[in-house]
Amino acid sequence: MQIAGTDLIDANGMKRDRGFVGFYNYHFCWCFLLLFLNSLQAASDTVFNVKAFGAKGDNVTLDSEAINNTIAAAAKAGGGTVYFPAGTYLSYSIRLQSHISIYLDQGAVILAATPSGDVGYDAPETAVNDTFQDFGHSHWHNSLIWGENLEDISILGPGIIHGKGLTRHGPLRAPIGNKAIALKLCRNVTLKDFTILYGGHFGILATGVDNLTIDNLKIDTNRDGMDIDCCKNVRISNCTVNSPWDDGICLKSSFALGFARPTENITITNCSVSGFDRGTFYNGTYQRNEAHLVPDKEGPTGRIKFGTESNGGFKNISISNCVFEYCRGLALETVDGGLLEDVTISNITMRDIINSPIFLRLGARMRAPEGTPVGVLRRINISNINVFNADSCFATLISGIPGHAVEDVRLSNISIWYRPLDAESKENIQQEVPEFEKGYPEPQKFGVIPAYGFFIRHAKNMELNNVNLYLLGKETRPAMILDDVEGIKFRNVTAAKGSNQKLIEMKNVSRLSIKDSDSLKDMELEQVKNKQF
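The sequence shown: position 517 = 517 (my numbering), numbered continuously.
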């Protein structure tokens, strides 16, 4: 229908009753306006502005009580969004409740206050078990933001959580706080879009949390970025974690719940981890001057890691499309009795790696209840890995222990460029690599490895397909050492030779197969006691 002059004419040229159409249009607009006003009213009923409950956001006033009152009001109303407009909200412990979304708007900062006298963060609750893991893993309430036994919660928005007043150090009692976000036995949780600066012992500690989504976070912190412990159905994506003093994205399976529970059904994708000086990822300067300050004295950390706590084990995990820069390499560790199995890792690029680019370790530290058997590490696929300027001190290190082999590992489409040893490291090349069965699993603990590329020991059913090893300087060691390996295939494997003309040293190797490898002759050997070639 169109309007021609003052008459209403339809498509057939017939006049229509102008009064009827006007009446219809009037009522349509009025109904639309009512719906719009009702939606605004509904939105206002479910959004709770912390400033309406007394928060100042002035970086001077302590806003903890006002924030917790806002959360309580939202929970009483059946749920809603606790809204933080721009401002700096000085706070001690913030206690989450079910069906609550915290939204940090652009310019909003929740700033962890420094305890004063006896005033500060909530006391650490009585631990269910504190025998087999560190203090920080055994308590959640002594945190800036914490929740326990909750469902349907989220922390959203482009604002910042700043842990300025948090610490990892003692005294480990009230009023000290040591975590930015701590969640225990929660489900249906979303953490999205915000930034964590200086997150204390953990930027995020999630223990026994099911159906957890972590997306588009920026974390620049002084210890662990995020620890995913005893969790199930977790999606981590599009996150950048700079954590020079500890691990970036760390999967664990501790005994903190009082029983062993696996970390399972996990995806990590499109993330980057690094070890730049604290705060310099966030401010964009990416400095490298504080390596000597790292607590374990072994260089910037910052990596993706499984372990060290590993009572419950890890299974059904996929990691893809991730970047490592100026940090330690990928580490898969089970040393406390758990099963580490069914893991796929693909499309990883690394640069300036501080220790082993790939570290697979089955050990027997056995920080676990008496009688717990040694764990298992098996069915691992790692493919499409490109590493430039890796530390050759520790090679790519894959090791079980006597009687307990790493099993069924496939390494495909991997290229690694190794930098040469410095003068001190050359003097400390190991002749015999210690087993280190019960020690803390870290590549540096094994000392300088007598191979620059791969050190594989106590392993079974291994495959190396399209693996290329390059040298960025002079080298005296062979490319690979195989020790107590049952079943290993090389397909299209190339390795640069240094001054040592031997590429591989083997001891107690069975069912060796080499084909289509430029550096090596095709061969099939059923048993090798001691051989170099």
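By construction, these hints were calculated from the structure, which means they are not laboratory data. Every residue, glycine too, gets a C-beta built ideally from N, C-alpha and C. Warning: the hint list may mix true and false statements.
Said to hold, decoys possible - In silico DSS-like pairs for lysine-lysine, Cα to Cα no more than 25 angstroms straight-line: (1) 515 with 445; (2) 192 with 218; (3) 515 with 497; (4) 507 with 438; (5) 56 with 76; (6) 507 with 497; (7) 521 with 489; (8) 297 with 315; (9) 232 with 218; (10) 474 with 460; (11) 460 with 297; (12) 489 with 438; (13) 426 with 489; (14) 192 with 164; (15) 507 with 529; (16) 502 with 531; (17) 529 with 474; (18) 502 with 529; (19) 529 with 297; (20) 445 with 489; (21) 438 with 474; (22) 164 with 232; (23) 426 with 460; (24) 521 with 531.
As the list claims (entries may be wrong) - Listed next, with one range per pair, are the computed distances between beta-carbon atoms: (25) 117 with 52: 26 to 34 angstroms; (26) 432 with 518: 26 to 34 angstroms; (27) 59 with 130: 33 to 41 angstroms; (28) 510 with 259: 48 to 56 angstroms; (29) 216 with 45: 23 to 31 angstroms; (30) 51 with 269: 31 to 39 angstroms; (31) 522 with 130: 55 to 63 angstroms; (32) 386 with 107: 32 to 40 angstroms; (33) 259 with 428: 22 to 30 angstroms.
Indices of hints not satisfied (ascending): Violated: hints 1, 8, 10, 11, 12, 13, 17, 19, 20, 21, 22, 23, 28 and 33.
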